[in-house]
Amino acid sequence: MPKIVNYEEKKQMIMKKSMESFLKKGVHGTHLVDIANACKMGRTTIYQYFRNKDQILEYTIQNLFQDLRVDIRETVLDDKDNPYEKIRKLIPAIVKLYLKNQKMIVLVDLWLILIRENNPMVRQLNEHMEETRNIFQGMLEEGIKEGVIRPMNAESMAFTLYATIESFLLHMAIHQEQEVSEHIESLDMLLEGLKA
Numbered sequence: 001m002p003k004i005v006n007y008e009e010k011k012q013m014i015m016k017k018s019m020e021s022f023l024k025k026g027v028h029g030t031h032l033v034d035i036a037n038a039c040k041m042g043r044t045t046i047y048q049y050f051r052n053k054d055q056i057l058e059y060t061i062q063n064l065f066q067d068l069r070v071d072i073r074e075t076v077l078d079d080k081d082n083p084y085e086k087i088r089k090l091i092p093a094i095v096k097l098y099l100k101n102q103k104m105i106v107l108v109d110l111w112l113i114l115i116r117e118n119n120p121m122v123r124q125l126n127e128h129m130e131e132t133r134n135i136f137q138g139m140l141e142e143g144i145k146e147g148v149i150r151p152m153n154a155e156s157m158a159f160t161l162y163a164t165i166e167s168f169l170l171h172m173a174i175h176q177e178q179e180v181s182e183h184i185e186s187l188d189m190l191l192e193g194l195k196a
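In the UniProt record's numbering, the protein residues as written are 1 to 196.
Honestly, the hints are just simulated from the structure, not real lab data. Check each hint, because a few of them may be wrong.
Ranges of calculated distance between the beta carbons of each label pair, as one might list FRET restraints [claimed, not checked]:
(1) ASN6 with ASN82: 14 to 24 Å
(2) LEU23 with ALA163: 33 to 43 Å
(3) LYS195 with GLY138: 15 to 25 Å
(4) GLY42 with LEU190: 49 to 59 Å
(5) GLU185 with LEU23: 24 to 34 Å
(6) ALA196 with ARG51: 50 to 60 Å
(7) THR44 with GLY138: 19 to 29 Å
(8) ARG116 with ASN63: 20 to 30 Å
Straight-line distance between alpha carbons at most 27 Å, and here's what the computed DSS-like set of lysine-lysine pairs gives [as the list claims (entries may be wrong)]:
(9) LYS53 with LYS89
(10) LYS80 with LYS25
(11) LYS80 with LYS96
(12) LYS11 with LYS24
(13) LYS25 with LYS11
(14) LYS96 with LYS17
(15) LYS53 with LYS24
Being a predicted model, the structure only gives us computed values, none of them experimental. Ideal placement from N, C-alpha and C gives every residue a C-beta, glycine not left out.
Take the sequences, apply the hints, and build the full model.
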């Protein structure tokens with residue numbers, strides 16, 4: 001009797017193993033045979049799920065950002081708070097969530113690797129990051145309109161907030177022994193400056 005294989009589960013497993021290889025060897029240094037070996041399957045079997053390494057990378061980036069968008073929506077959209085309070089809750093929630101499961105750190109790592117390797121996939125990653133920054137920009141614009149956030153350049157501030165999260169996560173990944181809650185309090189103090 002033929003073995004039943006869950007197609008999506010297999011793709012997720014390939015994605016996870018390829019991410020580990022991308023982070024360890026770089027995208028350029030990772031070959032399809034490396035991914036196949038990590039997955040304990042033949043290279044030809046990988047072709048049943050992905051055409052090539054770039055398609056695996058694209059799938060990985062899309063999945064990581066989809067997870068990020070879902071997490072942001074769950075944190076913000078169900079919330080009845082004003083935009084300022086949503087931002088105050090969202091940033092620590094993203095930080096805690098991504099320190100716990102390291103998705104954001106993986107994204108930042110991949111982004112840096114792709115830039116270093118001059119990979120054309122950087123453009124796609126930048127588009128996904130822009131999408132996430134736009135969520136912050138929308139909340140800032142809404143807060144300015146409602147008078148709970150002081151007037152400012154919402155686009156520039158959204159960029160700053162997103163960059164703060166990225167650098168915070170990188171710092172915490174390097175200095176894992178530091179207490180996260182103290183740094184989140186400091187972030188909260190910075191966010192006080194947004195208040196109208």
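We went through each hint and held it up to the structure:
1. ASN6 with ASN82: 14 to 24 Å: violated (43 Å)
2. LEU23 with ALA163: 33 to 43 Å: violated (21 Å)
3. LYS195 with GLY138: 15 to 25 Å: holds (18 Å)
4. GLY42 with LEU190: 49 to 59 Å: Distance hint for GLY42, LEU190 holds at roughly 51 Å.
5. GLU185 with LEU23: 24 to 34 Å: holds (30 Å)
6. ALA196 with ARG51: 50 to 60 Å: Holds, at about 51 Å.
7. THR44 with GLY138: 19 to 29 Å: violated (46 Å)
8. ARG116 with ASN63: 20 to 30 Å: holds (22 Å)
9. LYS53 with LYS89: Roughly 37 Å separates the two Cα atoms, so the pair is violated.
10. LYS80 with LYS25: violated (45 Å)
11. LYS80 with LYS96: The given pair, whose Cα atoms are some 21 Å apart, holds under the 27 Å limit.
12. LYS11 with LYS24: holds (20 Å)
13. LYS25 with LYS11: Roughly 20 Å between the alpha carbons, so the hint for LYS25 and LYS11 holds.
14. LYS96 with LYS17: With Cα atoms ~24 Å apart, LYS96 and LYS17 stay inside 27 Å; holds.
15. LYS53 with LYS24: holds (15 Å)
Going down the numbered hints, you'll see the structure goes against 1, 2, 7, 9, 10, while the others check out.
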